[in-house]
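Q: Protein chains in written order, with my numbering: chain A, 1 to 337; chain B, 1 to 337; chain C, 1 to 337; chain D, 1 to 337.
No lab work stands behind these hints: they were computed from the structure. Watch out, some of these pointers could steer you wrong.
Note that identical chains are pooled: a pair holds if it fits in a single copy or bridges any two copies.
[Stated by the list, open to error] List of simulated lysine-lysine pairs, DSS-like, C-alpha gap at most 30 Å:
#1 Lys12 / Lys324
#2 Lys202 / Lys19
#3 Lys19 / Lys118
#4 Lys118 / Lys24
#5 Lys12 / Lys70
#6 Lys24 / Lys324
#7 Lys24 / Lys84
#8 Lys12 / Lys77
#9 Lys19 / Lys324
#10 Lys77 / Lys19
#11 Lys324 / Lys94
#12 Lys45 / Lys27
#13 Lys94 / Lys118
#14 Lys77 / Lys45
#15 Lys70 / Lys202
#16 Lys84 / Lys202
#17 Lys118 / Lys45
#18 Lys77 / Lys24
#19 Lys12 / Lys27
#20 Lys45 / Lys12
#21 Lys27 / Lys94
Number of protein chains: 4
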Amino acid sequence: MIIVMRPGVSEKEIQEMVKRVEEKGLKTVLLRGTNRNVIAAIGDKREIPHEYWEAFPGVERCVPILAPYKLASREVKPEPSVIKICGAGLGGRKIGVIAGPCTVESRQQIIEIAQAVKQAGAMALRGGAFKPRTSPYSFQGLLEEGLEFLAEAREATGLGVVSEVVSAEHVGLVGKYVDCFQIGTRNMTNFLLLTAVGQTRKPVLLKRGMSATMEEFLLAGEYILSQGNPNVILCERGIRTFEEHTRFTLSLSVVPALKELTHLPVIVDPSHATGRRSLIAPMSKAAVACGADGLIIEVHPEPDRAMVDGQQTLDLNAFAQLMKDLGPVAQAVGREL
Amino acid sequence: MIIVMRPGVSEKEIQEMVKRVEEKGLKTVLLRGTNRNVIAAIGDKREIPHEYWEAFPGVERCVPILAPYKLASREVKPEPSVIKICGAGLGGRKIGVIAGPCTVESRQQIIEIAQAVKQAGAMALRGGAFKPRTSPYSFQGLLEEGLEFLAEAREATGLGVVSEVVSAEHVGLVGKYVDCFQIGTRNMTNFLLLTAVGQTRKPVLLKRGMSATMEEFLLAGEYILSQGNPNVILCERGIRTFEEHTRFTLSLSVVPALKELTHLPVIVDPSHATGRRSLIAPMSKAAVACGADGLIIEVHPEPDRAMVDGQQTLDLNAFAQLMKDLGPVAQAVGREL
Amino acid sequence: MIIVMRPGVSEKEIQEMVKRVEEKGLKTVLLRGTNRNVIAAIGDKREIPHEYWEAFPGVERCVPILAPYKLASREVKPEPSVIKICGAGLGGRKIGVIAGPCTVESRQQIIEIAQAVKQAGAMALRGGAFKPRTSPYSFQGLLEEGLEFLAEAREATGLGVVSEVVSAEHVGLVGKYVDCFQIGTRNMTNFLLLTAVGQTRKPVLLKRGMSATMEEFLLAGEYILSQGNPNVILCERGIRTFEEHTRFTLSLSVVPALKELTHLPVIVDPSHATGRRSLIAPMSKAAVACGADGLIIEVHPEPDRAMVDGQQTLDLNAFAQLMKDLGPVAQAVGREL
Amino acid sequence: MIIVMRPGVSEKEIQEMVKRVEEKGLKTVLLRGTNRNVIAAIGDKREIPHEYWEAFPGVERCVPILAPYKLASREVKPEPSVIKICGAGLGGRKIGVIAGPCTVESRQQIIEIAQAVKQAGAMALRGGAFKPRTSPYSFQGLLEEGLEFLAEAREATGLGVVSEVVSAEHVGLVGKYVDCFQIGTRNMTNFLLLTAVGQTRKPVLLKRGMSATMEEFLLAGEYILSQGNPNVILCERGIRTFEEHTRFTLSLSVVPALKELTHLPVIVDPSHATGRRSLIAPMSKAAVACGADGLIIEVHPEPDRAMVDGQQTLDLNAFAQLMKDLGPVAQAVGREL
């Protein structure tokens, strides 16, 4: 940690600051520069946030040297983690595609989709039962009934099911049905929820908050890991920017950047990121090409009759075609589908 | 609602789209333009999100005419709402300042601060007991004990207390102690929590999500209102942008823009927005000057010894001075402090 | 164009507005809704900006139906444009890679690089001679001498040369040496410069402004086209967002989104977008996978001795390896390198 | 400067890096931490950009301690600069308001406006003659004729005139007529233009780039200062963010943040920032309240007949009223109008 003192700060303030740093068990080196005095603090106390040090009056700013997360880091675990959902792995050589409708609408709908996406090569089935909706007047999902239909679809196809959990108090209920929790972008900083799924051992598909930095995203994963659950899958789903041609801005560079720092698998959601059906296929290919371990894609037999998010949903044929087209891209980067 | 059809769409597709719009109970006018065909849909069905219409294959985009919220709107209730916290009102001529530490640290600390901010003219006391923290390794608050200390501070001073609630399941517990719930930026889209506080009648101080548009912010307020709780206070606290000189970007123009659209009071949090002690006073004055109904400010006797967020906290003297300096600004815009 | 009138506007104001719209040669349809009155204006007057209509007092907002650009649009020219630089084409089946150093440093340096990138399969040579630098104290380039060295590198290798022009008054000078002008992100809205290169017939590699929407980017291209120069190449190079793990955020979804709207070739600059050497290869592959027509990449024999931007530069071996690795990705999406 | 080495870097790489830093004339201290080795470099070589150091293979990142600008800094000149336009000063106790139309339309128009804004208390007259327009099909201004009309308005009223210069080659021409150059947001990084106005001694009103950080803004000012022209006025005019309720996001916190760092006057443009007439008055008051030295506001006798930007323009009465209302706000913060 590097503490930069303000210009013109007194010798006494510098010495007091040195003392306070040492009180926390860090060693210090005082660097007297031409225009600034700097205190270098040596030791690993990354649990103290850098803002703590910036509260002191003589301090201009504090620059952390170590990342604030540990368990998520490759420094702690260099080899990639492979996380299994009903036997199918994410994070190894094989790229996994999770597919299904935005929302479970009926037993028949979800079973039909499950069979179709399985045949096309999907590794797991997604489907929303508890839906976080921006407007209180929008359809909020089938709730537990939706989870029951998902479980039936698993029985019919053998595909693991992934569904969103929106509150710590639902973790028990949702966990009875699903093979992998999904935590949505609006809940990436719902720390009670992160803690609750961290206390299970089920895989957690954690979506990046739409305004989260990469470091904040890794810290959200660290919440889950720090409770003892090692099964965290990170998912880039678009960030909020000034762009208007897509609903969010898909930031694919975060995929290889994350993979440098963490052993956790990283997947991409091109449906929510773009909000546009025609962009799902090209952005899926791009995600695989830059090193994503998987994809999560919205699929519906009749997207224009879907209750939610039809405009960003592929129909069954388009999904089957995309799966065929992704194979050569995966091979081109040394992976397989 | 205006539905713009893609160029080259067939007559049959246009007619089918017209039929679907009319099936929802809307009247249509078909506008045949030089380069595009447009369907104007007349009637108030704002509960259907515009993305719904964009799922149909021939549709290029759909432009809503009406805002998706109703109860929050000045069209429904033109006169401003005045919301009371322990008898002190927000939203009228008098500007209210809520002050206190980021985190309740001890009985003595919170009572000392409560007395000081009351004397300086604050209308209510803030203090965190349940703290949402970005890192799992950071201090998470005193929990219920913190709420008890807040309640004691209320008894000692008569100031209403405001504290954050982070989960729907805590609403009962927190509601036993506080006079106003606070919902933080990371929970603005925690729809279960919005629904839960909506089912009480206690005031709710709702902070804007750090990447929420003004419309999404109003829809979050609408969630609470739609459950029957009319006591919603909106709080701008900074948005995430590329700027680096502050922690967030305080977007003050949202204050007068909100007040054109909604009858709800609008306040500003300069502490979290800027993350810099030296900017709190100037941004507080700016907030009052552009029409804010109040402020929420972090205050601590020794900011450099505060457990959380000391770098954005005023000491007691600086707060008392700010209160004095705000009076003339309030008067200059026809308000009082 | 759709003009939404404010609620409560008088009949007289509506009629006056109708008259003003018709004075501009548009036909009108007046739509009387439940909560709003709307004037639909039919006809193609896209040269009138929508803000013009929003200046009238009774108008809430104006929604344009037609894009404000024409010549760049696929509606005007459906087939893709192939643009040649010294005989090598961009925009067809073959993907083109432009490579070279950020800055021309010496005759020997640029000829060595030109030979190496040619051998690796590059289609053209890039190199900066006039450098726009954020700090006045940074190296500003070799100016005309740098252009002379580029021309010698062309003679030595046959590769076309691409170099930045930063001012309308330099267009003549730079045009004497280069085969393709480059316009940098900081000049995308330098309209005099766009006009000046539009009056030549040389290809122009136009980089997207770091905060330009897709529409503004196309309008910048339209400036050049509207002067009679059809040889415009669009280049995504990253936008400014809150992200910190890269210098800018590479927004790859703009590639397929642009290709839906325009016939112009679209290429990607992964060096400037990410600012990180290790991300160049994965993002190059992603760009090709989502449909880019080409890439522009910084290459230097000794990146850590480069005068500018070494941290985002590949060495010659890494570039040759990337070219080999890109081939299969191109083939996987039906292209070739 | 602090250079953080990658984990696992060899002793040889560390020693080589130390040597390279010392070769640049800096002293070094090597800090051996638990997880990282860090090289502290002591001395003032701020002209070497931090990216330079990040190009070396063993380097994880480089953290500069000193700001990259000097002449703009309060460290070099602690007392505030007062800059005069035709005798009226900006940067002292008195707040200055520059007002006028977006575009000069005719002799009569500009003289009428000049007289009105002078009477209302404006310190200078603005008016565009060379207009940078996003669309090639929009009105581009009256060019030199517009400048002549401005000069006549100065003769008629004694007000100094401010007008935009969009290219280095126009500096001579525009300088013949105006008392203060304006450099627009789209030209903040037009370094040739900055250099050219820096070689005059006329005041320069420099608008912040819509995606410029505060540091980049100060570096743009430094370009002008470094050429010998000390008369730079900084102007916040809104940044590009995801917000939709205004055209840009007015970031007022940059005003007090700039005034901590620089001696240059800082003013605010609420017209372009918000793009909405109704927000000009509240945001003008906020700007003054947080310490702005002045404002630049668009004024037109008939905003709905203005050729450009009428939707963000005040009429003459509204401007006169605003000037009256600003007086008490200025007094409330110890200034005068």
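Q: Now look at each hint and say whether the structure bears it out.
A: Verification of the supplied hints:
In this assembly of identical chains, Lys12 and Lys324 lie within 30 Å of each other by CA distance neither inside one copy nor across copies; the values are 69 Å within and 32 Å between. In this assembly of identical chains, the alpha carbons of Lys202 and Lys19 never lie at most 30 Å apart, being 45 Å within a copy and 46 Å across copies at closest. In this assembly of identical chains, the alpha carbons of Lys19 and Lys118 never lie at most 30 Å apart, being 63 Å within a copy and 35 Å across copies at closest. In this homomeric assembly, Lys118 and Lys24 never come within 30 Å of each other (Cα to Cα): the closest approach is 55 Å inside a single copy and 35 Å across copies.
Only between protomers do Lys12 and Lys70 lie at most 30 Å apart by alpha-carbon distance; the minimum there is 28 Å, versus 35 Å within a single protomer. Taking CA atoms no more than 30 Å apart as the test, Lys24 paired with Lys324 passes in neither setting, with 57 Å inside one copy and 38 Å between copies. For the identical chains of this complex, Lys24 and Lys84 are neighbours neither inside a copy (41 Å) nor across copies (44 Å), given an alpha-carbon limit of 30 Å. In this assembly of identical chains, the alpha carbons of Lys12 and Lys77 lie at most 30 Å apart only when taken from different copies (26 Å versus 43 Å within one copy).
Taking CA atoms no more than 30 Å apart as the test, Lys19 paired with Lys324 passes in neither setting, with 64 Å inside one copy and 36 Å between copies. For a Cα distance limit of 30 Å, the shortest separation of Lys77 from Lys19 qualifies neither inside one copy, at 35 Å, nor across copies, at 33 Å. Proximity of Lys324 and Lys94 under a CA criterion of 30 Å is satisfied in both settings, with 15 Å inside one chain copy and 22 Å between copies. Taking CA atoms no more than 30 Å apart as the test, Lys45 paired with Lys27 passes in both settings, with 11 Å inside one copy and 28 Å between copies.
For a Cα distance limit of 30 Å, the shortest separation of Lys94 from Lys118 inside one copy, 16 Å, qualifies, whereas the shortest one across copies, 35 Å, does not. For the homomeric pair Lys77 and Lys45, the shortest alpha-carbon distance inside one copy (19 Å) is at most 30 Å, but the shortest distance between copies (39 Å) is not. Within a single copy, Lys70 and Lys202 get their C-alpha atoms as close as 21 Å, which meets the 30 Å cut-off; across copies the closest is 41 Å, which misses it. Taking CA atoms no more than 30 Å apart as the test, Lys84 paired with Lys202 passes inside one copy only; the shortest distance there is 9 Å, against 45 Å between copies.
For the homomeric pair Lys118 and Lys45, neither the shortest alpha-carbon distance inside one copy (48 Å) nor that between copies (38 Å) is at most 30 Å. For the identical chains of this complex, Lys77 and Lys24 are intra-copy neighbours only, at 27 Å inside a copy versus 38 Å across copies, given an alpha-carbon limit of 30 Å. In the homo-oligomer, the alpha carbons of Lys12 and Lys27 lie at most 30 Å apart both inside one protomer (19 Å) and across protomers (25 Å), since each shortest distance falls under that limit. For a Cα distance limit of 30 Å, the shortest separation of Lys45 from Lys12 qualifies both inside one copy, at 25 Å, and across copies, at 28 Å.
Proximity of Lys27 to Lys94 under the C-alpha cut-off of 30 Å is found in neither arrangement, the shortest distances being 46 Å within a copy and 51 Å between copies.
Of the numbered hints listed earlier, those contradicted by the structure are 1, 2, 3, 4, 6, 7, 9, 10, 17, 21.
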